[in-house]
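J.: What follows is the residue order along each chain.
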Amino acid sequence: MSMVTHVHRLLPALVLAALCTTANAAGVDLQSLEKQLNDVGARIQRLQDLTEVEIVQHAYGYYVDKAQWRSLSDLFAENATLEIGGKGVFTGKARVFEYMTVGLGPIGPRNNSLIDHQQFQCLPTIHDDGVTAEARCIAFVMSSGGWGHVYYEDDYIKENGVWKFKKLHGPFNMYSGYKLGWVDQVTVNTFPEKFPPWPDLPPTIIYLTYPSYYIEPFHYPNPVTGKPMPAPSPRAGGEAFGR
Amino acid sequence: MSMVTHVHRLLPALVLAALCTTANAAGVDLQSLEKQLNDVGARIQRLQDLTEVEIVQHAYGYYVDKAQWRSLSDLFAENATLEIGGKGVFTGKARVFEYMTVGLGPIGPRNNSLIDHQQFQCLPTIHDDGVTAEARCIAFVMSSGGWGHVYYEDDYIKENGVWKFKKLHGPFNMYSGYKLGWVDQVTVNTFPEKFPPWPDLPPTIIYLTYPSYYIEPFHYPNPVTGKPMPAPSPRAGGEAFGR
Amino acid sequence: MSMVTHVHRLLPALVLAALCTTANAAGVDLQSLEKQLNDVGARIQRLQDLTEVEIVQHAYGYYVDKAQWRSLSDLFAENATLEIGGKGVFTGKARVFEYMTVGLGPIGPRNNSLIDHQQFQCLPTIHDDGVTAEARCIAFVMSSGGWGHVYYEDDYIKENGVWKFKKLHGPFNMYSGYKLGWVDQVTVNTFPEKFPPWPDLPPTIIYLTYPSYYIEPFHYPNPVTGKPMPAPSPRAGGEAFGR
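If you read the protein sequences in the order shown, they are chains R, A and H. One point on numbering: in the numbering used here, the residue at position 230 of the first sequence is 230, and numbering is uninterrupted. One point on numbering: in the numbering used here, the residue at position 227 of the second sequence is 227, and numbering is uninterrupted. One point on numbering: in the numbering used here, the residue at position 213 of the third sequence is 213, and numbering is uninterrupted.
Hints are computed from structural coordinates only; laboratory data are not their basis. A few of these clues could be false.
Stated by the list, open to error - The list that follows gives simulated cross-link-like pairs (lysine to any residue, SDA-like), each with its CA atoms no further than 25 Å apart:
(1) Lys35(R) - Gly161(H)
(2) Lys179(R) - Ser144(A)
(3) Lys166(H) - Glu134(H)
(4) Lys167(A) - Lys227(H)
(5) Lys166(R) - Thr101(R)
Said to hold, decoys possible - To give an idea of the interface, some chain H residues facing chain R are shown, with a C-beta separation under 7 Å as derived from the structure:
(6) Leu30
(7) Ile44
(8) Val56
(9) His58
(10) Asp74
(11) Leu75
(12) Asn79
(13) Pro109
(14) Asn112
(15) Leu114
(16) Ile115
(17) Asp116
(18) Phe120
What you are looking at is a predicted structure, and each value in this text was computed from that prediction instead of being measured. Note that beta-carbon positions come from the ideal geometry of N, C-alpha and C, so glycine has one too.
Make a model of the complete structure from these sequences and hints.
T.: Here is the structure:
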């Protein structure tokens, strides 16, 4: 064989070697990049989910303000539950609508009525499945009836890409008339038979509001220690925990 | 041709084939990765924009609290408009400054004056163009004059990468003195000639506050159904919708 | 040499040339993609950090509400400081706990006590180092003692991936009893010797609350101009700035 032919025989081998190196290198990087992109996508999705869950809660507040009961009940999943104060549990979107229209009055604002439900301070959690979530939030209520302070511990579900209420649980921390001031004219809690409609299930917890007290259990762990919050323990005057 | 030469002839062909496969594979993946990266970048940008729009609104509240009228008017685009309560429309940044200094008093806090404008509950929307936005927010006002509850439906514009107010529209839901309580001593609304300065344009909407009512139209669709909110319909006592 | 052999000699060269082009092209794109991915990762991290810093602040509010002093002091870094109202500076997590338990009462809620500290309106900043942050926030206090309005300018530190308070600074804007109304029955400020425990360091600032005034300096620049907020200048009645 001539020298030239020998070189011919070597070149393709070198090429193949180079090619393999390149192909491998590119292959590995592409794989790693694709994984990184997926991770990044998941992190963005979680941030979007946090935003959207809060928006459902904020919209709820605006709809209460103006008695927009149809818009409000549309925020709930078909088989969602609602439990506000001590009235018991209402199951299903249709009963959420009934709770509002029968219990609180007809759709739409009216003269001499103010029912502002101001929403803020959420601690939202998107679960690992990406389609269920929880949030602890507050409503500061300023109404023609007086003052209110409500904790929410709500569950949300993502159906067809849309976050909805799965469970709204809004125990009162304080409710009071405004005339004598919110320390001297308190409502200790609602109860199932106080006004129609009647609930589907009894209250999940019996408690009194200020001047008694109740602590709605936190779904949210301590954000620094990561430890779950201590479970509530019953005590005279309400529910307490953390001792 | 010898067997060896024949192999020589085949190898480059194999190499080329392998190369093409690799190049194609890499090419397709890179293109897809680049597209994914762009999508990801756009999603992050939207989240950043949501954050920045809220910060403009939050900063506005802090500046009102302490009568920082220069800092406040700097939050507005050059040709922005401002319409608060029933005072009419002020056009341009300079008139925003005039509204504050002439209408509300000199720059800086003073004794016996409290004008806290607490901001929360935003429903922000970044439009597809990425440079215009809207938000519905609330101000809960606690002042030495009394109580207030204000809805905002504000427009924002991004100029040179910076979000600013394009339009601030803050109709009152309730305003009242604190002495007799916010149910018994209400201010039904401001009007253009109530105090100087005079507006550039008349109010865009005539309405009364609590004990009457008005619903500022929602730019934000129902977050679950995606349907636009029902348009307000005039009714005795104010504006109502949703029936 | 035969024509065939000549072609054999050329093919590998063509292959090599093609290969180099492909490898280069892929190499450049991969590098650029990797850089873009890192940028994107950093932007997401900042958004997550903003969320987490707010959650520490929100959790603080919930823990105050129910006198969860252990959970509350766990939100602080080991050598963090706390300065609330005019009581002076408490240094270290143990003294934060002491401030709460000795100064404000035992762990847990009790009858006739309401100490709601509602949190909102944050202006958070994550510093370039990614492990220190600041936020200006508000607490709107509604308690059995009366009303309060508190500005926070807090520092946070990220230790082992977890955001904590590094410094909590909460000067009062207004504090008042609710009986005569929050304009007529004000508390002008606390001071170190008012109630135990005694602070480690004197107050960093002497000021009076409403009907006097004080402006807590803004760490946050004007979000539109980017200019730092004007420094406070002392004036009769408190601190003022922006003139």
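J.: Tell me the numbers of any earlier hints that the structure contravenes, in ascending order.
T.: 12 and 16
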